[in-house]
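FYI, the numbering for the sequence shown is 1 to 248, going by the working numbering.
One or more of the hints may lead you astray.
Here are the simulated lysine-lysine pairs, DSS-like style, with alpha carbons at most 30 Å apart [unchecked claim]: (1) Lys188 to Lys202; (2) Lys79 to Lys188; (3) Lys188 to Lys211.
Rather than coming from a laboratory, the hints here were simulated on the basis of the structure.
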Amino acid sequence: MNLVIDIGNSLAKTALFRGNELSSFSSFEKLSLDTLKRLLDLNPSVKNVILSSVVNHDKSIADFLRLKYHFIELSHDTKLPLENLYASPQTLGKDRLAAATGANSLYRNQNILSVDAGTCIKYDFVNEKNQYMGGAIAPGIEMRFKSLNKFTDKLPLVNYKYFDHLTGQNTEDSILSGVMNGIAEEVKGIIQRYEQQYPDIKVVFTGGYLKFFEKIFYIGSNGKSNIFADAFLVLKGLNHILNFNEKK
Numbered sequence: 001m002n003l004v005i006d007i008g009n010s011l012a013k014t015a016l017f018r019g020n021e022l023s024s025f026s027s028f029e030k031l032s033l034d035t036l037k038r039l040l041d042l043n044p045s046v047k048n049v050i051l052s053s054v055v056n057h058d059k060s061i062a063d064f065l066r067l068k069y070h071f072i073e074l075s076h077d078t079k080l081p082l083e084n085l086y087a088s089p090q091t092l093g094k095d096r097l098a099a100a101t102g103a104n105s106l107y108r109n110q111n112i113l114s115v116d117a118g119t120c121i122k123y124d125f126v127n128e129k130n131q132y133m134g135g136a137i138a139p140g141i142e143m144r145f146k147s148l149n150k151f152t153d154k155l156p157l158v159n160y161k162y163f164d165h166l167t168g169q170n171t172e173d174s175i176l177s178g179v180m181n182g183i184a185e186e187v188k189g190i191i192q193r194y195e196q197q198y199p200d201i202k203v204v205f206t207g208g209y210l211k212f213f214e215k216i217f218y219i220g221s222n223g224k225s226n227i228f229a230d231a232f233l234v235l236k237g238l239n240h241i242l243n244f245n246e247k248k
């Protein structure tokens with residue numbers, strides 16, 4: 001069994017996989033070594049572990065895992081099941097790399113764009129030759145609300161909620177309209193530009209704000225047939241990297 005650990009800007013997530021099948025998932029505000037040990041005690045069949053972190057984390061976790069398991073801490077030196085053509089691989093966010101790998105594992109030998117909507121909105125493109133080409137990073141939903149409050153004197157801090165009206169009739173609704181409609185049109189526009197260059201491209205959404213984009217693109221109902229959603233895309237990508245290295 002594989003244990004996948006993804007430490008992000010907002011949450012730490014763990015997932016157990018049997019081969020390529022996700023068997024359980026947990027999330028934590030902060031993952032401590034004691035919490036991890038309890039998880040492993042409950043799952044003695046775990047043999048392989050991969051850790052990805054985009055923040056500074058407790059180094060004792062990696063030290064412990066390195067001693068007890070076949071362990072990979074994801075870095076730019078990690079062997080990958082795709083070719084990384086990013087010009088500066090040492091600066092590439094591990095979450096971006098994992099999302100791209102997850103999308104590529106689901107749609108091998110196809111043009112695929114992953115859109116990870118979390119703290120930031122990250123776009124990552126893998127071509128039909130299974131080559132990671134790069135992408136884009138934009139401010140996330142919460143970041144936009146906070147910036148309007150921080151960089152103005154009068155605008156309030158508005159909390160995220162689904163909003164699909166065009167014209168706000170008070171200040172809060174006007175901010176909601178600007179942020180939510182702005183993001184929706186921005187993401188649609190970027191996807192359209194990729195579709196113009198790669199007519200057969202598939203798009204996979206993931207991240208903490210996945211539900212918003214499922215509504216915007218009608219994913220799972222009568223939406224476009226080339227757009228999909230996968231809440232566990234990053235974790236699946238990390239598991240795919242772990243399995244790839246286990247075969248080496």
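Structure-based check of each hint:
no. : hint             : in the structure
1   : Lys188 to Lys202 : holds (13 Å)
2   : Lys79 to Lys188  : violated (33 Å)
3   : Lys188 to Lys211 : holds (16 Å)
Consistency note: the structure conflicts with earlier hint 2 alone.
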